[in-house]
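Q: Assemble chains B and C onto chain A, guided by the hints.
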Amino acid sequence: MKIGRRTLLSAVPSLALGSALAGASTALAAPAALSGETILKPRSGSAPRIVICGGGWGGLTSARYLKQELPDAEVVLLERNPFFWSGPLSNKWLIDVVDTGFLVHDMLRPANRYGYSVIQCDVTGIDRARKTVSTSRGAVDYDYLILSGGIRDAWDAWFGDDRATADYTRAHYGSAYIPQGEMLGLKDRILNFKGGTLVMTLPPPPHRCPPSPYERACLAAWHFKTNNIPAKIVILDPKPQVAPIGAGYRAAFAELYPDIITHVPNARVKEVDPYNKRIMTEAGDFDFDEAIFMPPHQASDMVFYADLIGTDAEGKPTGWADMHPRLFHANGDDSVYIVGDSMGAISPHFGHYPKSGHVANYIAKIVARNIGQRVRGQEVVAELPDNLCYMLVNGEPREAISVEFLYEVGADDLVHQTQIDIDVRTPDLLEEDFAWINGMFDDFVRV
Amino acid sequence: MTSFVFDLRRRDLLAGGAALAGLVAAGVPTAAQAQATTAMPQLDTAEADRLAAAFTGGAEVLAEGLALDLPALGDNPAAVPVRVHVTEPITEASWCEEMIVIADLNPQPFACRFRFTAETGSADVAVRVRLIQTMPIRAYARMNDGRVLAARHDITVAAGGCGL
Amino acid sequence: MARPPRIWISNETPSLGEIVRVRAQMVHVMESGFRIDAAGQTIPEDILTGFTASLGDAVLLEWSPETAISQNPYIEFTFAARQPGTLRMVWTDAGGVVAEAEKEIAVG
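Residue numbers (our numbering), protein chains in the order written: chain A, 1 to 447; chain B, 1 to 164; chain C, 1 to 108.
Because the hints were derived from the structure by calculation, they are not lab data.
For glycine and all other residues, C-beta sits at the position ideal for the given N, C-alpha and C.
Incorrect hints may have been included.
[Said to hold, decoys possible] Okay, the calculated beta carbon distance ranges per label pair: (1) V90(C) - P230(A): 42 to 50 Å; (2) R278(A) - V90(C): 51 to 59 Å; (3) N227(A) - A72(B): 34 to 42 Å.
Next comes chain A alone, as it looks inside the complex (with noise of 0.2 Å):
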């Protein structure tokens, strides 16, 4: 029917266009009413409906799959961006190793493809009672909720209420690691760098992507070293050493940018002047001329709408998302799953589980078929990721160096975690980024 109606539309647009308007014209008549009670997406049917909030690695891979699992269910995805935008991968294309086509990505095409439908809209509040979403759109109910909105940038831990500065901060000094509006800024800042001390910050453990921020450093030295701009970068880690893939990343520093990076540790951050461009932290106070500032990380702000937050021994909110780490949906509510980033603690043996793409695509697929398990009647069958991170420490030639996570259950019941460090720098290493990258678009976002 659509084929046959757009080939007449072709044929004859003026005709065609007056009986479809004829047709119509009820439909077509402005709303009573417009406001965030509206029902968003009223439900037809008796078609399970599963609702995911954000459409990054976890979210797209959730719908896709969720589709395939159960391709009557209706599968609504809820997504603040007009598109996607890839946050792996996003270091090199600073330097200009992939350009933004390589990173951005419609998401009607993969929608319309596998039969899931995207709503560009905002998550403003999840009523867990009542089974509903609301959003800047209007309001939607669902039968399972996947919050799969990656992280949040708490920049309230190192301003508290003091908003202006944060938003002074973010602003100016943002590293991008949440995707889209800070990237472009960030790119600009680092390639039209005239000179002087750039610092980074890195967030304490857990954070987004582990290793990314040492690659950063690697390739805003290579853009300065190869176009002779005097800057030094300085690294504030508040780990003791750089991890994970340390050794390989110590080589890079010492050999590549001897005297371009210092990375300083045990460098937690006490205070942030961003007006007078000057940073303190336990291992000593920085001045700047440029700063890429990560504070904290947290679940994004549609967990704590949620109230899902959990709480560490002592009571205290983690942060982090309250979930089963084997199941994960939320404790106290298994028709709410979280996925990707937002995830909290997995096992005391290593905590979470890496924030990075590989994990969220990962687990998309565990939850995708954990739900079309349990919509089926079946037994669910809880399964581990893995992961997997490329980075690249060198511009020319381009080499990069890896790690890699494997899980497994122990006789304790609990996961257990193998970390291989790849720390010798090789050409292939990018080769293997590169394969791995396209396979993961097409698996979840390129059609």
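A: Below, chains B and C alone, put in the same frame as chain A:
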């Protein structure tokens, strides 16, 4: 608790056949469990001392001339970087024949052996070791004139810590 | 073992006598022999037992790993570039040769 256990094949299972590798949800009997191990740390340094004595062969052990570099904290107990190098000049007349690394309290404390020749022109190696717990690490080197050099370093190992 | 060894060399065209640094890492399970499988059976030891680096006819390094060596063994070493030739590295386990790699070293 220990990370002294590895299995690449299991990973292939995980990637390939999710249902096979996956364990049934909590409360339901699980199909398979990995990480059961008989690895036990040494109770003391007796075995390490015996290995050291076998290497030195009664020669006087010099506490100078050999550097053993370890991180302050072994954040990944599955791969703790260890570098050993002779700090005196290596020449065609004076060179290192052999080095060993001992992880005192590992189930098998003898970690590895290195042999060099007169043509190497250097004595500087680095490897990764897996450590079952916090312990002393030691290295010994025998020079071609029979001198034995030694270095020793305590390392604290984080349980399952990976820096994330 | 489909993945090739990763090799990094500080300088493939060193000057005479220059100290060249080599890093090499290969994929190997390094099964310790301590583990027990689901059926309660000990998983047999399967570790890398040897690594040899040579430059032309000259042996530079023989490395004999034991169970303490990490999965996917990493070896870093240095040598003095006293002659040009093929830097050849061979990894072996109980089953024989598991990986080989060669790099030409031109001494200038």
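Q: Against each hint, give a clear statement of whether it holds in the structure.
A: How the hints compare with the structure:
1. V90(C) - P230(A): 42 to 50 Å: Since V90(C) and P230(A) have Cβ atoms about 46 Å apart, the given range 42 to 50 Å holds.
2. R278(A) - V90(C): 51 to 59 Å: Holds - the Cβ-Cβ distance for R278(A) and V90(C), about 55 Å, lies within 51 to 59 Å.
3. N227(A) - A72(B): 34 to 42 Å: With Cβ atoms ~36 Å apart, the hint holds.
Against the hints set out earlier in the document, no violation occurs for any number.
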